[in-house]
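**Q** Just need the whole structure built from these sequences, with the hints factored in.
From first to last, the protein sequence lines stand for chains A and B.
Going by this note's numbering, the first residue of the first sequence is number 1, and it counts up by one from there.
Going by this note's numbering, the first residue of the second sequence is number 1001, and it counts up by one from there.
Source of the hints: derived by calculation from the structure; they are not laboratory data.
A virtual CB, placed ideally from N, CA and C, is assigned to each residue, including glycine.
Rough simulated footprint, nothing fancy, chain A against chain B, three-plus residues with beta-carbon under 8 Å:
{"hint": "1", "segment": "1054 to 1067"}
{"hint": "2", "segment": "1092 to 1105"}
DSSO-like cross-link-like pairs, simulated, lysine-lysine; straight-line CA separation at most 30 Å:
{"hint": "3", "chain 1": "B", "residue 1": "Lys1089", "chain 2": "A", "residue 2": "Lys103"}
{"hint": "4", "chain 1": "A", "residue 1": "Lys31", "chain 2": "A", "residue 2": "Lys56"}
{"hint": "5", "chain 1": "B", "residue 1": "Lys1002", "chain 2": "A", "residue 2": "Lys103"}
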Amino acid sequence: MFVLVVGGGKVGYYLAKELIENSHEVVLMEKDRARADQIADEIGSVVVPHDGCEGKYLGEAGCARADIVAAVTGDDEDNLVICQMAKHHFDVPRTIARVNNPKNEDLFRHLGVDEIISPTRMILSSIEQDIPVHELLHLATLGEGELEIIEAHLQDGSPAIGRSAGDLTMPAGCSLFAIVRDGVAVPLLPDTPFRVGDKVIAIGPNECSALLHEQLIGAMDEAVAPGS
Amino acid sequence: MKIVIVGAGRVGSVLAEAYDAAGHQVVVLDLSTSAFDRLPPEFRGSAIRGDGTDEDTLRRAGAEDADVFLALTEGDNRNVMATQVALEKLGITNVVAKINDPVRAAAYAELGIATLCRTTMLGDAISAYLGLGSMGLPGVIAPTGGHQGEGSHQPLADSIGAGAPDREA
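**A** Shown next, in the form of structure tokens:
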């Protein structure tokens, strides 16, 4: 396959290298002459030291016969234009753009870029996955630090669902005092059954969080599995 | 008319000043506030520091119901992207992008954006002044195609890329 890579930064450089190792035909465009020379020293004469946004140079680099154009510069507007020129002007069947600002993903897709790679979005979603959604949330510390206000977000599968505060075994010195339901704080009565989506607010010494977790969220090991 | 100008360089600020003086409602955006020093003290429009390729910034600047959107920054691609955001996201139909690369200028005209190309404008003006005839590429290209959406693309004649322009096509 003939792949035209535009942008000789870290991404473009390693991409071109990998593609060559996998026996694809590659041309890499990098407008910074010094950088282009540096890459050419290593991977050979497949580097075109010109701006891949310029129609003339895209044409000279063989864009018209490329199977894939990958625009991986650090600038979203450049990547958009490279893909649009490739697609609309050179009739390239497949265009791939690196998108740095996640807000641009929609626009790129709408404007016909075939594939959008968003490093920011990938890292973001990886971070979000690492934060267990049904963990206890420590809201505040009271006094000298021995008491904490803790919020528990009740999910489907919580052992507390359908039961009421009176049915739960509370850790010593810990008490539940309110539910936030549909954005409204309601006082917690001993016979109020818990529902999915409730945020239960508790106060207690910080050692109680394990038992609180067990009562309101579920056994510790289960709760750690993301996305369940 | 409500006129949004992205890029308060020489051209952008001259137009902002003129349109404002003519009684239009003018909004100018630039990434740098110092660019607004080019605007005269009597300028009554709004000058907003911000990224003209960012939809949220444009909305906050009040660009949504603009009659005209001009992208006149120093970067061809910034201008291309700004006008496409205006066209696709804000629904402004009368958009103009300054694109100094003649190939890109012609290509985007086919994608529904009126483009003006300083390269060919100056080239033509100089040739005309010297009596050497026209370069054959217009400086301002009215949009010839509808704007994108998928599947509607028609590749331009390759002759444009090869430097033998044929604008009759």
